[in-house]
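Residue numbers (the numbering used here), protein chains in the order written: chain Z, 304 to 464; chain G, 1061 to 1557.
Bear in mind the hints are in silico, worked out from the structure with no lab data behind them.
Here the structure is a predicted model, which is why all the values come from computation and not from measurement.
Check before you lean on any hint, since a few could be wrong.
Claimed, not checked - Here's a subset of chain G near chain Z, in silico, CB distances under 7 Å, partners left out:
1) Val1236
2) Val1278
3) Val1456
A virtual CB, placed ideally from N, CA and C, is assigned to each residue, including glycine.
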Amino acid sequence: MRRLLPWLTHHLQTPFVVLILGVMVYVLWQSQSFSLGARLFPQVVASAGILLALAELLRQFLRRGAREEQDFTDLASEEDSVAYYGRGMLFFGWLVVFVVLLFLVGPIIAAGMYVLLLLTVQFRSPWRVVVALSLGLMALIWVLGVVLQLRWPASLLSGLI
Amino acid sequence: MLEALINALWILLDPFRMGMLFAGVAIGILVGILPGLGGLMGMALVLPFLFGMDPYAGIALLIGIAAAVPSADTFPSVLMGIPGSSGSQATVMDGYPMARKGEAARALGAAFAASMIGGLLGALALTAVVPFARPIILAFGSPELFMLTLLGLSMVGVLSGNRPIKGILAAVFGLVLGTVGGAPVAAEYRFAGDFLYLYDGFSLVILALGLFALPEIVDLLARGGAIADKKHGLGSGWMRGVRDTLNHKWLVFRHSVIGVFIGFIPGMGSSIIDWVNYGIVVQTSKDKSQFGKGDVRGVIAPESANNAKEGGVLMPTLLFGVPGSSAMALFLGALMIFGIEPGPQLLTRELDLVFVIIWSLALANIFGTLICLLLSKPIARLTFVPFHYLAPFIIVIVMLGAWQETRHWADLVFLLAFGVLGWVMKRTGMPRPPLLIGFILSTLAERYLWMSYNLYDWEWLYRPGVLIIAALSIVLMVAGARIKRSAQQSVPDGGES
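Bound-form chain Z, shown alone (with noise of 0.2 Å):
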């Protein structure tokens, strides 16, 4: 395990084009099945995908070891360590809790507790700062969902009371 992480994090390239692969394939597979019109343009596709993962496989294999250059949009120079990428999928876990208060109280609650808990248990940030903020968003969701007629979705605390 403690090998295969950092092998993973700097080679995640290629079982993700390994991915597409997989995908093309199963929709070329599948396609076989629809009628003419429904057919032609996943064929078309998925076959054009398939040969162009392959020749990205095969120049992968071809400058294995050799560092992948990087994004010329990218504006910083990303971290590829596995703490980054830990600290990565921790900030994903915060878009799940939001996701489950959201599921649990409904979205204006959610706004404030969700504010309340990232920037208390996750930054530490100052009680004052935290409040007015939660507050503010609390605020803006509101006028949000009365200006733009918003439907919110309906949560378990409100289906319970």
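Following the hints, put chain G in place on chain Z, whose structure we already have.
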């Protein structure tokens, strides 16, 4: 034509539509000054709220965002030495040294004036192209339109990343994602199984928010800390900066024209335009000694070009339905939300709308510049707010915006899934814009392919128009790749690359 131009101005002057244009400019300024965000994310954020909105108001909102970002992204470039977006990388080269010498206000004044003039020239170029383009575009049949779609896709694929194969593969992956759901030319559902949610296919809003908003938010949070330390004040010298721009009017004009031309080529991102123009101004100046140390010409040239390019990228987007950039791909998606099909019909049936877009672009440039100039002090202060205070606001708006799409919990599940996909793509060097553009063009491309096949069998491949566009694709891709390489070579050591 003139009647449509005037009519469009009256349409736009409606108070609600003007309000939306202002709102777009405000959002554009906000996302422009926060490094790591940008026009694409700003547009993705408002996309869920466009449903049911008046199309002209929605379009004014989106154009307001697109036009304001290239002006506002100058703040972090000059004040912190961090590009506000990829389109202001070269501005750092001389803008930041000027700020360190206490000339931040002069640099910003020059940049905003150049941005405004460049943006207006871009809008003017777009207006001038419409009457000439109309007859040419109307002569195109479905095979030629299919080839144009492929041309746009391959250009974006080849030019948006470092690896052309990866870029085109991403575009093809986007086309495949676009095939999920009901087939546009047959009464059949594809790859949806028994999952009713997928019968309409993946949602553009969910895909765009997932691919572009979530990965940037997660990365900014994962990097931690404030966006930048407070280092330099604004100083004074605003008017001197504006005068600098007026004194270099030929420079502004030349680089605006270059910006429009390069912007017209799909896939030539703003970072390329920025660096190409910086390279040109350095090479063509007699006195090169001050470049990199705080020469105002190094600010004026890229800033006029990156605002003028918005007129350029709108040309293929409006005339051919081929997005000139990833933000324009989202713009096309928004047109579809309003039930407007992009492409040649736009010039025949929706000429008013085309001119509303042009007016919005021109007015948004003026408003954006004025707001940046008048509110520069509070705006500059925003760049020092730690990102974790802004993050919860953005996360909640993204999530609740995504929920508005179909009001199904699967919206949020797919949002997170596309967020992870975008984050992984970012890490694996697979460019994300081609995937989004492929997804948006999928239905259009499928329809054109089917019509071509139905009408001509595979004989359509030998039509002269098709062969000319195929040859043009190769020429443009080679030329684009060369321009990109020379732009990359002009990136100095230690600069952002």
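These are the hints, each one checked on the structure:
1. With a cut of 7 Å, the hint placing Val1236 (chain G) at the interface with chain Z holds, because the nearest CB-to-CB distance is about 5 Å.
2. Checking Val1278 (chain G) against chain Z by beta carbon gives a least distance of about 4 Å; that is within 7 Å, so the hint holds.
3. Residue-level restraint check for Val1456 (chain G) holds (minimum Cβ-Cβ distance to chain Z is 5 Å; threshold 7 Å).
Hint compliance for this structure: no hint is broken.
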